[in-house]
Structure formats: structure tokens, C-alpha cells
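For the record, the sequence lines run as chains A and B. Under this note's numbering, the first sequence has 250 at position 250, and the numbering climbs by one with no breaks. Under this note's numbering, the second sequence has 1112 at position 112, and the numbering climbs by one with no breaks.
To be clear, the hints were calculated from the coordinates, so they are not data collected in a lab. Every residue gets a Cβ at the ideal spot worked out from N, C-alpha and C, and that includes glycine. Worth double-checking, as some hints may not be accurate.
Under 8 Å between C-beta atoms, here's a sample of chain B residues computed to sit facing chain A [said to hold, decoys possible]: (1) Glu1182; (2) Thr1188; (3) Leu1189; (4) Asp1190.
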Amino acid sequence: MASVTFENVSKRFDDVVAVDDLDLAIADGELMVLLGPSGCGKTTALRMIAGLEAATSGKILIGDQVVNHVDPARRDVSMVFQSYALYPHMTVQRNIESPLLIRRYPVDGPDRPVRKLSKAERNERVAEAARVLDLEPLLQRKPAALSGGQRQRVALARAFVGRPKAFLMDEPLSNLDAKLRAQTRVELVDLHRRIETTVVYVTHDQVEAMTMATRIAIMSNGRLQQLGTPRDVYDTPANLFVAQFIGTPAMNCLPGTFTSVGGAAGIEVEGGRFPVPSKLQARLEEGRPVTVGARPEHLRVAEAPSGTAVELQVRAAEWLGHECLVFGSVGGEPVVVRLIGRVGVEPGGSLPLAVAPDDVHLFDPDSGRRLD
Amino acid sequence: MIAAWWHRRYSTRETLLALLFLAPSIAVFVAFFYRPFLNLVYWGTFESRRRGAFFESVGLRQYREQLTSDDFRQGLWHSIQFVLYTVPTGLVLGILLAVAAHRRLKGIKIFQAIFASTIASSVAVASVVFFFFLNPTVGIFRVDWLNNPDMAMFAVALSGIWRHLGLSFIIVLAGLQSVPDEVLEAATLDGYGPVRRLLRITLPLISPVLLFLLVVLVIFGFQAFAEIEILTGGGPAASTETLVFKIFRLNTPDSIGIGAVYSVGLFLVTLVVTGLQFAILERRVHYGD
């Protein structure tokens, strides 16, 4: 077990900056999810921890050791690949045993010299990993004879068996079907709780990030956009990118200006006025342009005309049983509302919407940064 | 019984359709392979005479006599020598070149094209190149191997290795490109160094390709003719007369029956050796998932 730290790490491939000045401290025992769209640099960051890519500049630390020039096999990390990367010509048993055959481990305690494991020790570890991951009946099979979920568990067992300082996982669930993915998500969280090892988990799936992470590092264009707990990134997105990346459907964002003229202070948008979080009211000057954001689930149907923030011009409604998504526009900008239960809305009509002041997010329209 | 089984699985319509699709290839095989081959077997039962009757049917006697003759045995031994000189070396060199050229580097295509180029040169050209290499007075190596009965086969084999290197290279390279990067990266993290990775992961994963290449190279080895004809003409002192070369020599009106026997003999040898390769090695070959 160990922490993993990036200090001003950059990675360039020719002219492309894959990772740009990344500063990230992953705590010991934490399940850190690197989340972002494809090409955001998250996989490159993970591969730099493993040593499969070398950092162009900056320092990478595992524990308190700088590992930039340490051989991948000596970093004491293990990786689960998207394709699982099992050895197709070896049995499950051999696949799981593989990291134990050549590498040396601090078996006799952290202060004693590392050594290779004996045959008995190897068997014991393989048996343990097979038991934990429910692979005992499959040990003599080859990967070709396993289902996707079973292969994934073999990959996990192979990562698990060396008891590494950190697990690196590169989209390990993306090749599973939806049902198995949901189930494996729960199992991974459970496994992480039992082994209490640092996990760095790369995904583009915000559901995985929100449900599994201790903390999420959201990346875009090689840069870290926000670091925080799933709650932090949902409740207080640091910028417009995070605001629109986390949450499905994405947060509604409209251009507006702050005003306190003519009634309560608010954000004037075309087609209405949004309330303003009370702590921000005193800090905004009259006429300041802002981008106002409200999550679809925080918009509700206004009960009285006085409480109406904006009028939604309804274009379509999708009833999903437990909820209803209403698509429309406010002042020409697309807006989605998520309403619970059955709602009588017709395309072409309009719907008065209200939102609580504390559910309104304000961003600087130029930098995209959150106004707090 | 087979007919009954067949009818349970396939309708008459399907059977006719299958025969229709197979007909062109069956026709070609019958016309250019099976019928000539049966002719050959038949000719082998005729002894040719200089005087009197041109051909006299002697049944299997000629097969018995010729397949146990010293001349056939010598030819077989020379063929085996040629295969032993060319195949293992060619295979290993092909793997080494392919591993060297299997990299994501700028300009690597140029090297790949150079390594593969021997596949595009004809045997005649290759042989003339080696004839020049090995010329005792103006050659590059300036050795007299082609006139030395102990070294001639080795010299001929060199040109054989060179000529098939492009083929081995291309086939192994294609195999290497099918090995997933992630599997090799997993092996790197598991502590496999470059050599171990090659021997324990890469080569087993491309074993079907290697088996194919081995079988093909052995067959090519048994069939090699042009480089021998051009470089040594079978000499010196018949030291490079392989079976194919002897068959070529026997292709005269007064020995065509013996030639037919030798041809059938070569066919059987190739068949047995290829069968053995599959029987022994196929169990160890891993065919993907």
C-alpha cells in the first residue's frame, strides 16, 4: 500500500500534449477515479504510473520514492487492462501465477531484502486469489473457454496476487454487458474495501466514477479540471466543463446578466430571471455577465406565478416510468427538465419553472470558472 | 451409413449446391494434379529399355529396386541436408529480422521493404548474385566452395536461405503484428524482460504462423532445384544432387520410368515429413480464441 503522486507531470507525444502539468496526490488506500472524455490524458497518466510511458517532465512518486526511472516490474504496481490482456496460451492458474514467477517481493517484511516466492508460497497466493474471486473451478481452463466476466476476474486475480502497492485499472468494465457491469462495479468496491489498497481507476463513464470513487479527478485536454469527492464535483463543479460532464442529462447552461433592479436580485436571461445563491448576491456588480447553470433534476414546475423563474417552451417529453424528461427551450437555448412521476405536458405548450437559489450555479462566461 | 448421416444433416438441394461450388476447384485439381499424379504412379511400373520394346511393364519391381538404390538414397540424403541447412537457420533469421523491424519508428517501412525484398527476386537472379559472391577470384567472399564437394551443399544452401528470408520475414512480421500490445505490456509488468517476453509470450502466440512457415520451408527445401542447377549443376562429384535434381536428370526417354519412381518417392517423403510435423507440433500450437 502506498500513495501515488504526480508533481508537475507532463507528457508530450511529438506535438501533442497528452498530459499537461498534472499535480495530483492519490492517498494511500484511496480509490481514485481518473474521469474524462477519450483523449483527455487519463490513460496516459495511468500508464505513466505503471512505467509503460515515460513522463516528459515532472516527477511521479509511489510512496515517497520517485519512480520516473524505475523499471515497470520493480514499481510494485499491477494493472488490469481494458482487454484484460490474459495470456491466451496459459491456463487460468498460470495466468494468475505469472506475476509471481519472475518478480521479487518483500515477502519477509518491508525491511528484508526482496526475493522470489517459493513454489508453495506461489500456490498459496494463487489459491487465495482464486478463492477471493471465485475462480477455483476454472483454474485449469484456458482464457478462450471463459466468459467475459470470468476473464475479467482472472485479470483481477492476476493483479491481486502480487499484493502490489497500487492497482491500476484501465476501463476494466467497458467490455462487459450492462448488467454484468453494474454487478462488477459493486464487487470492485467491495474488493477495494477488503484489501484496502490504493486503486487508480480510469474510466470515461461518470456512473462508474460517481458510484465507486473515493475521489474523482476530472480531466480534459490533458489538464486536471477538478479534484474532489463525487459529491463535490456534483454539487460544486469547478467550471463549465465539469458542470456539463457530470450528470445525465447535462446541466442546463444559459447566458445571463446579474441584476438587482426591479424586485429580488437575480440573473436576467432571455425569457426569465433565475434566483441567485444568497452568499453571491453581495459580491456581484450590477450588469455583470454570467453563465447560469441549473441541473435538470433541480428545475421543478412553479406552483405560483410569482415563484416562476423561466417559462420553458416544450418541444418534447420522454416518459421513462419513474421520471419524465421534458425537452424544450428558454430564450432559444435548449433546456432539459427532469420531473418525477407523470406530468401532463404537451409539445408546443409552455411550462413555468422554478429553482431554489442554492441549486443555481454561476460561472464566468469567459474563463468558464465557477463564481463562488 | 455415411449417406444416411449426410442426409440427416444436409438436404439434397444443399448437397447439389455444395457440389456446384466445389466443381471448379475439383476440375482443376483433377486435370492438373490428381490425373498427372496417377499417370506418374502408373509410369513407375514400366521399365524402359534402350533396345527392343520401349516400355515393359514390371509391376512394383521397379519401385522396390529404385527406392532402395544407392542413387535414390544419396539424393534423399542430399535433400535432407539441404532442408537441415536452410530451414532452421532461415526460420531463426526470419524471426530475428521480423522482431528487429517490428517497431513503431519513423522510416521503419524502408527497412521492412529491404528485408522483404528477397521475396520479389527470382531464383535465377538470387543464384547469379551468389555465384558472384562466391566466385574465387572476383567474388566478395572469394572462397572456392562451389567446387569443393564438402562445401558445395553449404554454399547452395546459403542462397536458399537468402532467397526465402523475405518470405519468412513477412510471415513472421504479420504474425507479430497480430499480438496485442496489452498482452506484452502485461508481461512487462509481470517482470518478463525482452528475451523472456519473446520466448514465453510472443512466439507461443504466433505458433500457428511458425508451424505454417516450418511446413512451407521444409517443402520448399525438398523441392529446391533452380539454385542447384545454376550454382553447381549437381556437382562437384554429385555432392549437390538432391532428389529433385536427380528426377530432372532422369527425365529422358530411356529413364522416364525411374524418374517417375523417384517422383513418387519424393512425394511420399514430403507427405510423411509434413504429417510428422503436424502430428508432433500441432498439439503445442496455440490457435487463438
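To see whether the hints hold, each was checked on the structure:
1. Glu1182: holds, 4 Å
2. Thr1188: holds, 5 Å
3. Leu1189: holds, 5 Å
4. Asp1190: holds, 4 Å
Violated hints for the displayed structure: none, as all numbered hints are satisfied.
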